[in-house]
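Chain by chain, the residues:
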Amino acid sequence: MLRNRSRRSRHDPSKQRVKLLFPVHTIDMNLKKKKVNKEKIRRVGEILDEFLIGNLESEFPVGGPSKEPHGAAEPELPVGAPLEPREVVEQARADVEEQQAGEEAEDEAYDETRYYFDLSEESHVAAELELPAAVPPEEPRAAAEQKRDDVEEQQADVEPEDEAYDQTKYYFDLADVEYCVDVAITEMIKENLVPGYNNPKKPPTLSEMFQDLFGENHKLTKQVEQFEEYISGYEDQVHIDDLQEAHKVMSEIIKELEDWGGKQSG
Amino acid sequence: VVDVHIKNRLRDLLSDSGMTYEDVVDASTEVVIFGSRAVDMHRLDSDLDILLVDAKTDRLRVAGVDCVILRSEELASSLWLGSELASHIAEYGKWIKGFGSWRHHVRISDRAAMRKQARIVGLLMRAPKWWSKLHPVFHTKYKLTIRRELQRLDLLRRKTPVPPTCTLDSDWDQHRSASDYLLEVAATLPLNSPAFHFAKICVEVSNRGLSARCSSNQTD
Numbered sequence: 011m012l013r014n015r016s017r018r019s020r021h022d023p024s025k026q027r028v029k030l031l032f033p034v035h036t037i038d039m040n041l042k043k044k045k046v047n048k049e050k051i052r053r054v055g056e057i058l059d060e061f062l063i064g065n066l067e068s069e070f071p072v073g074g075p076s077k078e079p080h081g082a083a084e085p086e087l088p089v090g091a092p093l094e095p096r097e098v099v100e101q102a103r104a105d106v107e108e109q110q111a112g113e114e115a116e117d118e119a120y121d122e123t124r125y126y127f128d129l130s131e132e133s134h135v136a137a138e139l140e141l142p143a144a145v146p147p148e149e150p151r152a153a154a155e156q157k158r159d160d161v162e163e164q165q166a167d168v169e170p171e172d173e174a175y176d177q178t179k180y181y182f183d184l185a186d187v188e189y190c191v192d193v194a195i196t197e198m199i200k201e202n203l204v205p206g207y208n209n210p211k212k213p214p215t216l217s218e219m220f221q222d223l224f225g226e227n228h229k230l231t232k233q234v235e236q237f238e239e240y241i242s243g244y245e246d247q248v249h250i251d252d253l254q255e256a257h258k259v260m261s262e263i264i265k266e267l268e269d270w271g272g273k274q275s276g
Numbered sequence: 464v465v466d467v468h469i470k471n472r473l474r475d476l477l478s479d480s481g482m483t484y485e486d487v488v489d490a491s492t493e494v495v496i497f498g499s500r501a502v503d504m505h506r507l508d509s510d511l512d513i514l515l516v517d518a519k520t521d522r523l524r525v526a527g528v529d530c531v532i533l534r535s536e537e538l539a540s541s542l543w544l545g546s547e548l549a550s551h552i553a554e555y556g557k558w559i560k561g562f563g564s565w566r567h568h569v570r571i572s573d574r575a576a577m578r579k580q581a582r583i584v585g586l587l588m589r590a591p592k593w594w595s596k597l598h599p600v601f602h603t604k605y606k607l608t609i610r611r612e613l614q615r616l617d618l619l620r621r622k623t624p625v626p627p628t629c630t631l632d633s634d635w636d637q638h639r640s641a642s643d644y645l646l647e648v649a650a651t652l653p654l655n656s657p658a659f660h661f662a663k664i665c666v667e668v669s670n671r672g673l674s675a676r677c678s679s680n681q682t683d
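Taken in sequence, the protein lines are chains A and B.
Taking this note's numbering, the leading residue of the first sequence gets 11, the next gets one more, and so forth.
Taking this note's numbering, the leading residue of the second sequence gets 464, the next gets one more, and so forth.
Please keep in mind that the hints were generated in silico from the structure rather than gathered at the bench.
Where is the CB? At the ideal position from N, CA and C, for every residue including glycine.
Heads up, a few of these hints could be off.
Cβ-Cβ distance ranges computed for the label pairs, FRET-style [claimed, not checked]:
id	chain 1	residue 1	chain 2	residue 2	range
1	B	H468	A	N227	28 to 34 Å
2	B	M577	A	E60	44 to 50 Å
3	B	P653	A	N209	34 to 40 Å
4	B	P657	A	P205	35 to 41 Å
Next comes chain B alone, as it looks inside the complex (with noise of 0.2 Å):
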């Protein structure tokens, strides 16, 4: 159940961009809040995260809140039951309105761990081609997220829904996660060697505290 904080900062968030609560939720058959602020491990900056089923509209632009609209008869689909964010939010989502009883049927699918394969071999096989005309700041940037998408990979192939990413570098910066654990991940995939390069350096001993320094770049 969601607290009273997150439904007034939805609230206030709505009514900065001219809506009001009721138009949206009353809209919806079912508003699941999740992300960081669902777990309440949010920054200041964080972004509200939150479900809408059979919205009246495509797209909610609020600034402040991130959203995804899906059908009713969308949640009942293979495609969606195995996601990573179907796990994400049938594990760590609060529900303002709506049971969720989709949630009972989620189970991650090889395909969702396949597709975090797939983006992590882009971004690795890619980096070396552009890194040099990167601003340091988007190095930090492409560092942090190639080692969180390494630990959600990690979890995606052991079934394990992934937890907020404010989660994921707590454990980082707590050494619950380890970089040769990483390592061995990242050796799994099909990647050339300055590809291979590049992941060492992303989950560098070094690079623990990283998150705390970069703040942005929080994708759910």
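Isolated chain A (complex conformation) (with noise of 0.2 Å):
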């Protein structure tokens, strides 16, 4: 408080200058916003970046796929010699093919992933729907219903499994959630980042400390709020999706807190 009020002061523009309005009217704005130290908000960002996004991705299954592995970035320069014109249109013609057959691969495996999610009904027909047509057509009708059978049989001994499985894999335990932030809050705090809460009496949350950073309106603290309630879960669980959209979120506020570090210190 003390530090604030003696930088007022050397900004407290003289009688004479007052009379040049537009100068300052613009300081007097100024001093309405959030003082906040770029150095401190760079650290925030870390800390955020190492104790909470790191201990998710280590914990949870998130982040991963998103990410580009740095090594899969095209080269800048072609590679190998200079192309004739012919062989520049099969080249073409070759990278159209293999996008083709890409786009395909994709297709086939967003259908996978429907029927994967849809669950018993749909999967039932789509069984029932392929079953005759692997059948050859000269085998007798009753052995093709045998064997349909048998297949019915051994999905319907698959099924409990696939369902127990989906639940482990979609729904995780909030209690790993809640460490992690914890943890990074924790950070925060040794690290006296934010001011008043060097010693807290109770344990502060995210958005409270962002509020006090920032200021409540501040699109980062909104960010921040966004977050906790994506990881807020239900029934003390919390699914995979909501996971990582919170991660998603989380890793856009560290990146605006990087370049508005970035920034104010250049």
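Put the two chains together into one complex, using the hints given.
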């Protein structure tokens, strides 16, 4: 508080300068904004990245697929000798064919996902529709029916295991998420990054700390509230989709903190 | 029936967030207040817990209000009728609007107790991994949470609706809820020895009065 006061007094315009209306107005308006230490903001971003994103990624299957491996980037310059016009056309055709094949593969993958998630009824229908086609036409009908019964029995045996597997795969214990967030907050407390939280008497939340850092209506505070909502879970469990969204929102927050810190200090 | 104070509190909180009482209450077929404010045992900073049925929105973000939104068809489901929350609201809720005919069909399910058990096991089994990385203020938070959850598990297993957190704390602080008994409850859980050791720490007699010192972390 005392520091703010002295800073304010340094910027207090003299009476002579008050006559210059525009600069004085600008200064007054700036004083209303939250004064935030850029170094500390940058450090908050680093802590969230290391302790929150890092722990979330090590505890849950989040963030992995969206991240492109560093080695996967296309070379900036063409490799090999320059191509002749005909070769260029053939190369382009080959590229298109490759791309089409890739798209088809993606389509198939999409269908699989669809059938996988829709579970019982649609999968049954799909299985029933596919089975007769798989039986050779000359095979006796009874044998075909017997085969189908066998497959259905086999499917019935497998299904309960699949359901159990799904639940474990898509719902996660809230405890892990809670600990991850609180460890990140602990690091922020340890380094005294947010004024007023060096020795808290009650456990602070991330959004409370951001409110004090940036203000209640700041975009970053709103994003942190959104993050907390995603990880709030239902019946003490959190769904993988919500975890993915939470991971995405937190990554955006960290990016903004980095940019913001960089811009401010530069 | 909800008293005027609670209605006024809701009116003020909604107004602070740019909404009117009528916007929310008229748009829902059923509105119920539950938690500590419903039993008038709240602290100054306690949230107002509210159930809205068939509200026009999926979520309501109002500072100081914790909102659960359900569709009327969900109220008839066995999942809801067997849940911890449904039994709590049926027992302690105060209706602002609607009659809550569903509450006569509430019966705490084994699933509710199993979910609570999984929650406690999750917290206890993971505690040793994270404990040293947490600020002491979070140690207090988790000790409190685990002790409260053990109390809740005991009630759910006995098919008794869970009272608001302030009542659980009051029972604990006045020694109506015994440490030894809660340890027996913990002993029924599938825990390894470090996790059970944590359970012991959480229900130590020295933790009595902790809830008064750590006023946040109210869950209902």
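Checked hints:
In this structure, H468/B and N227/A meet the distance hint of 28 to 34 Å, their C-beta atoms being roughly 29 Å apart. Take M577/B and E60/A: their Cβ atoms lie about 36 Å apart, and the range 44 to 50 Å is violated. In this structure the supplied range 34 to 40 Å holds for P653/B paired with N209/A, their Cβ-Cβ distance being about 37 Å. The supplied range of 35 to 41 Å is met by P657/B and P205/A, whose beta-carbon atoms lie about 37 Å from each other.
Hint violations for this structure: number 2 only, all remaining hints satisfied.
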